[in-house]
Structure formats: structure tokens, C-alpha cells
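Visitor: Quick note, the sequences are listed as chains V and Z, same order. Residue numbering for the first sequence follows the working numbering, beginning at 1 and increasing consecutively. Residue numbering for the second sequence follows the working numbering, beginning at 1 and increasing consecutively.
Derived from the structure by calculation, the hints contain no laboratory data.
The calculated BS3-like cross-link candidates involving lysine-lysine, where the alpha carbons are at most 25 Å apart (straight line), are:
#	chain 1	residue 1	chain 2	residue 2
1	V	K3	Z	K39
2	Z	K39	V	K23
3	Z	K39	Z	K102
4	V	K74	V	K23
5	V	K74	V	K19
6	Z	K74	Z	K39
Per label pair, the in silico range of CB-to-CB distance:
#	chain 1	residue 1	chain 2	residue 2	range
7	V	E1	Z	E81	19 to 25 Å
8	Z	T20	V	S40	25 to 31 Å
9	V	T113	Z	T18	37 to 43 Å
10	Z	P59	V	S40	27 to 33 Å
11	V	G26	Z	E17	35 to 41 Å
12	Z	N76	V	S40	31 to 37 Å
13	Z	Q79	V	S40	25 to 31 Å
14	Z	K102	V	Q108	20 to 26 Å
15	Z	S67	V	L11	43 to 49 Å
16	Z	R61	V	P14	44 to 50 Å
17	V	K3	Z	P59	21 to 27 Å
As the structure is a prediction and not an experimental result, all values here were calculated from the model. Even for Gly, the Cβ is constructed at its ideal location relative to N, Cα and C.
Each chain is listed here by its residues.
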Amino acid sequence: EVKLQQSGDELVRPGASVKMSCKASGYTFTDYAMHWVKQSPGQGLEWIGTIIPLIDTTSYNQKFKGKATLTADKSSNTAYMELSRLTSEDSAVYYCARDSGYEDYWGQGVMVTVSS
Amino acid sequence: DIQMTQSPASLSASLGETVTIECRASEDIYSNLAWYQQKPGNSPQLLIYDANSLADGVPSRFSGSGSGTQYSLKINSLQSEDVASYFCQQYNNYRTFGGGTKLELK
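Using the sequences plus the hints, can you model the full thing?
Guide: Here it is, written out as C-alpha cells:
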């Protein structure tokens, strides 16, 4: 069974950074790219970027360049996303999703709340 | 960047009714289009890919159609469990999502 298990919800201070994880199981991690998607409260979905774990290649939505950094650890089948210099605009739920050409499996999401 | 315009933003329908949601791309996306269903508090779930292919386990009352820049999702015989938000997504060039449609029961 394919599963993407994301790390827990985060409460972070403005200006800080947060790093979240997405642990894949039930398939060969290096066979698929991984996408990250943002969903602001009551809003739609925004594509942040993608990483190809096999070759550690990343692509980013221009809007999130400098904000998000995607990495992957092949030894633990885990993808990571770090968000930096957090503001209230970054408060949202963040999803990882497996790329089969389209996104066929999604993690449960990480809620990030930026507050002092 | 490819823009995706989805309509309507909200929709109220009765049980058993047929509903249609539209999505327009700013350029030809060659049927590289998916539809997702998202229920409150849950992750998006894949319904349709390649514009008209039903994902595994999705009821046959859901169907997708379209080509070029115009696509639609149809739900036949609306059920109570279909109350959700629906999003289209293009994957022809990176990823872009439509703004979503919130479907409620009348």
C-alpha cells in the first residue's frame, strides 16, 4: 500500500524557518518525483515545486523560489521541505504528493501556523 | 505560466441531479488534466486523469471530458458523499490548479 506520512503540525514564530518531512512507503521512492502543494485557509491549491529523488533535481514555482527548499533522503525514503523567513502569509496546510504524471497519492498534510 | 479558470466557484444541487464543473486553460494542455475531490479536513483525492480516465476506485458516476483548453467534470446522480470541493489541475507544464468548486446539497 502506497503511503505518504507527513510530520506533525507546526507553530512557528515570524522570521523563523520550518522543515517538514514526507516519508514514503509501499513503492520504490526513487521511481517517482515528489511534489509539494500549499493550501491557505479556505483557499485553493498552489504548486510549490517538485523534486526527483533519483537525481536530486528540483523545480520551483517562481513564487516560492527563495521561500521553499526541497530535498530528499534516498536512504530513508523521505522528502523534505524547508520554508524560510516565515510570515503570516505562510500559514497554511502543506501537502506532499507523488508524481505519476499527475498526483495519485497525497500525504495527510502539515498545518503550519505562523504566530508570535 | 498556464492559468486555469474553473467555474462555478460554488454550486448547490439536489440528490440525484447531474452536475457539471468546467475548467479552461490559458493555452492548449493536450488533455494533461486531472480532477481532484477534497472533503473538509482531508487531502485531495484523484478522481480523473488524462482528462477522461477514471482513477482506481472512483465511482462510475464521475466522468471527465474535453480537449485543448476546455475541460469538464460531470457527476451523474449526485450522492450525499459527493459534497466536497473539486479542483482541476494541468500537468502539461509543471502544475497549476483551478480555483476550485465547492459543491453543496440543495
